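Heads up: the protein sequence lines correspond to chains Z and W, in order.
Per this note's numbering, the very first residue in the first sequence carries number 1; after that it's consecutive.
Per this note's numbering, the very first residue in the second sequence carries number 1001; after that it's consecutive.
No lab work stands behind these hints: they were computed from the structure.
For clarity, every value in this text was computed on a predicted model and none was experimentally measured.
Idealized CB from N, CA, C, for every residue including glycine.
Warning: the hint list may mix true and false statements.
[Unchecked claim] Here are the simulated DSSO-like pairs of lysine-lysine, each with C-alpha atoms no more than 27 Å apart in a straight line:
id, chain 1, residue 1, chain 2, residue 2
1, Z, Lys-149, W, Lys-1023
2, W, Lys-1089, Z, Lys-149
3, W, Lys-1055, W, Lys-1070
4, Z, Lys-177, W, Lys-1070
5, Z, Lys-150, W, Lys-1089
6, W, Lys-1023, W, Lys-1003
7, Z, Lys-8, W, Lys-1005
8, Z, Lys-7, W, Lys-1009
9, W, Lys-1089, Z, Lys-5
10, Z, Lys-89, W, Lys-1149
11, W, Lys-1185, Z, Lys-89
12, W, Lys-1188, Z, Lys-7
13, Z, Lys-27, Z, Lys-3
14, W, Lys-1181, W, Lys-1007
15, W, Lys-1070, Z, Lys-188
16, Z, Lys-150, W, Lys-1052
17, W, Lys-1188, Z, Lys-89
18, W, Lys-1089, Z, Lys-8
19, Z, Lys-181, W, Lys-1089
[Claimed, not checked] Residues from chain W that keep clear of chain Z, each with C-beta distances beyond 12 Å, as calculated:
id, residue
20, Asn-1059
21, Lys-1165
22, Phe-1207
[Said to hold, decoys possible] Part of the chain W face toward chain Z, derived, beta carbon under 7 Å:
id, residue
23, Ala-1012
24, Pro-1039
25, Gly-1040
26, Asp-1066
27, Lys-1070
28, Thr-1088
29, Cys-1092
30, Asn-1121
31, Asn-1187
32, Asp-1189
Number of protein chains: 2
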Amino acid sequence: MMKIKVKKKILAKNEDFAAANQKFFKKKNILCINMISSPGSGKTTILEKTAKALKNKINIAVIEGDLYTKLDAERIRATGLEAVQIETKGACHLTAEQITNSLHKFDTDNLDIIVIENIGNLVCPSDFDLGETVRVVVLSVAEGDDKCKKYPNSFAQADVLLINKTDLARYLDFNVKMVRKDVLKLNKDLKIFEISAKTTAGMEKWFKWLKKAIR
Amino acid sequence: MMKIKVKKKILAKNEDFAAANQKFFKKKNILCINMISSPGSGKTTILEKTAKALKNKINIAVIEGDLYTKLDAERIRATGLEAVQIETKGACHLTAEQITNSLHKFDTDNLDIIVIENIGNLVCPSDFDLGETVRVVVLSVAEGDDKCKKYPNSFAQADVLLINKTDLARYLDFNVKMVRKDVLKLNKDLKIFEISAKTTAGMEKWFKWLKKAIR
């Protein structure tokens, strides 16, 4: 019982910061994206390729969440984007408060998009609203086609699903039709893009969606 | 502060059950394996192939942990092994108490190995000792070669690392030498096997290790 009470209290505190973040993004006309996935589904590579394609047209900044290391922020900075690294020192998700405390590090008057790359974890981050405008879940075809059945919350609460690493699909038994059917049953409004961040196949549609979303 | 106190209390309670489980496994001469990995790294397929190779020589049973669904227990039962499914209804790890409560469902006088397939999550399960004899972490080459740097706890606390999906390695930039160096820096006694559960390449050494471990 005590565990449940504390979790409720933590979530309530998180909601307050999330609401403040949401208000801030609206006021500044910033599209904030909360990216959630398992470890190694390709979030950082997707961001690298998105940065490369759009950075001359759109002002993008990135907040990187990791348990340890600054590796991902370094990868993003190498593309020319600004990036702030949050190291959670073992904690399994980002909180809205951590986002609030990171925002002042950017020139937010001149940003169109802030992407938050959450901790690689398909379970815990889905419980924590960060005040984002849209939530994007990434699923690599290498993870298997049963993941939306087994981890439904992350898929049910997302606005966009990026099915990544489609360049590997020919070597795997990944039934993309079944995945589409399963996730649309959970979440009928989910927008789905099949992409390979490695080869950039299919990413044009995702870029178009992003450009339209910031208007 | 309250969060930290509650976490300490939860972990202390978990330790009591873990100690009882450990004592039970020792008394019954059962090798208990706690398998930890990201979603989709191939834990269930590894177990299917291990069951197929060893079930006539060794008595194995499986405890399956999932947020939702009984899919994995059904896959294990199809190989002829006994399996118990624990559905955590969204919780991100198994607890030692859940294991204690599952053990009576098996004929433990006639078992050599109990494998616990933990929730697909490379963060939270590593905090919870289940009383296991050995901890096995699985890393798929499709997840990338930076995972032991970014999620060190799971690797530092394991006895065995199974690097899985090596059949895909030729299509990926996965530096296995670097991974071996990185994980041995974290954990010098870690036993590492490179396998493909799909093709069974490399699994013979893992089977040998298992057979030796139960003696």
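**Report entry** Index of numbered hints that the structure contradicts, given in increasing order
**Finding:** Result: hints 1, 6, 12, 13, 14, 21, 23, 27, 28, 31 and 32 break, sorted rising.
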